[in-house]
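As a plain string of letters, each chain reads:
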Amino acid sequence: MTYLEFVYAADLAGVAVFATTGALAAQGKRLDILGVVVLGIVTALGGGTLRDITLNAHPVLWIGDTLYLWVAILSAVVAFVLSRYIQYPRRMLLILDALGLSLFAILGAQKAVALGMPDVVVVMMAVITGVAGGMIRDLLTGQVPLILQWNGEMYASCALVGALVYVVFSHVMTEPTRWLELSAMTIVFVFRMASIVAGLRLPEFI
Amino acid sequence: MTYLEFVYAADLAGVAVFATTGALAAQGKRLDILGVVVLGIVTALGGGTLRDITLNAHPVLWIGDTLYLWVAILSAVVAFVLSRYIQYPRRMLLILDALGLSLFAILGAQKAVALGMPDVVVVMMAVITGVAGGMIRDLLTGQVPLILQWNGEMYASCALVGALVYVVFSHVMTEPTRWLELSAMTIVFVFRMASIVAGLRLPEFI
Amino acid sequence: MTYLEFVYAADLAGVAVFATTGALAAQGKRLDILGVVVLGIVTALGGGTLRDITLNAHPVLWIGDTLYLWVAILSAVVAFVLSRYIQYPRRMLLILDALGLSLFAILGAQKAVALGMPDVVVVMMAVITGVAGGMIRDLLTGQVPLILQWNGEMYASCALVGALVYVVFSHVMTEPTRWLELSAMTIVFVFRMASIVAGLRLPEFI
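Residue numbers (this note's numbering), protein chains in the order written: chain A, 131 to 336; chain B, 131 to 336; chain C, 131 to 336.
Extracted from the complex, chain A is given alone in its bound form (with noise of 0.2 Å):
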């Protein structure tokens, strides 16, 4: 398996990730089934779409492979079936969860460089990317979204910080390269683990 072929397994097992916590959001909701897998494309797409939309970079990721809306669609489906018999592991899926936002957050804001965009527009890709998805969830589901909030275990400072340090380091190096984007999602990956771990939290607006 290349490097490019791992990472595209690695950002479909992202959206499979997203699209069964966006379909698990809908538990106590009173969902039918087809509200669900909408919930679990919206979770898992929303991000990647806004951010191709917003840079002008069509076709949209899932329009041009539709292997991506396929994962989205069965992780929901599965969800929807599992979660009648089985309780899905919270801590497992906090840990996918936190691989799945390595990983778009880097890739989007890899795309973002390959389209030339300015640093701070590199930088805000990322965090769309990686975040708009379970925002729009959220919104669908009559909540105020639980990344602007101070309880919301610095779910977006994660990307944030992964994606600054992509960009700083993309600009000392010669060119962002496999290994700098491997860093960066780990760093990600680190920093949102020990977020929830350590319960560290942003500074309150109140």
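Among the hints, erroneous ones may be present.
Just so you know, same-sequence chains aren't split out, so a pair can sit in one copy or run between any two.
[Said to hold, decoys possible] Straight-line Cα separation of at most 20 Å, SDA-like style, residue types lysine to any residue; simulated pairs:
1) K241 x G194
2) K241 x T132
3) K159 x L269
4) K241 x P189
Treat the hints as calculated values from the structure; they're not laboratory data.
In this text, all values refer to a predicted model and were calculated from it rather than measured experimentally.
Based on the hints, put chains B and C in the right spot on chain A.
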């Protein structure tokens, strides 16, 4: 009246109905007339706008043909004025709304097919065109979108089933014809009416 | 300072004001600083982004000129820090906000005219540029958008009236000039101030 003229007239009628339901959704929310017009426009044209932007099919339908915009604005104003004097017959609105859903979903699918989109994207676009406007209307009026919910009477499912039939038969036949379009629209309509009358429901997510 | 430099400076000032009101809307919602910055950015740049994407006018304003983004970010951070020590004077904010609305609405109309859009689309773009950011801010903080509401002090109406004047007179005159722009902005501003002071309201939808 040719077939294309018939479809165009029916599409505008769908816009009028959706704008009316959008305006009536404002009842009890203390909106002024401009707010009501905004809700009408968003409900009637939100789905098509989202579809055209995602597909990169510019100009967006109501920019390319402003008659869509005028019909939405006038319908919302008429609904605002009339609703002070008469009670809109709920049953008639439901039937007209089902007609609008049928047209929007299948015309949305047709547009995606014309752009050479893969099947799963065609079905997505049918559902988006049919239901996204209503979802944005629900968000703006502070409600969990009805179409996601178990008691939403399978609104999105009807669009989905019609689009699936349309896609499958467009492969069986050499190319999608007007008869296929009309049949798929009829399927959406009949399915929607049946689900209202018989109280059909998809399995609920607990 | 040329007229174009003046308009550019004023536009950036509008971004700063809108970002500040967005950040202050976060008060009492328990957001952290990144959530506050997100709200500031969305409020200040959401309307222009939606306009540019709908018009297919890429690059989106803050991607083509990142100073817009920096001003929004810095204003939100300053609002976050300052609001711990001082009370923002509500009256001054209302006046600045009315100035921002005037600029955003008429500059939005001007952009649509420059792209050769039909009149009704020009007016739509003026309203979208002026109010969509505030609507997204309200959605994200879990409120029915104020501008849709009867007690919204005709926020959108002011943008609408100014845009109508701009469109009508741009046909009467051979081409829109800076004096027409300034006059239309003044109309939006005066109308907005009058509606706040005199408590003007449009008819309410019961």
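Any hints this thing doesn't respect? Which numbers, in order? Of the numbered hints, all hold.
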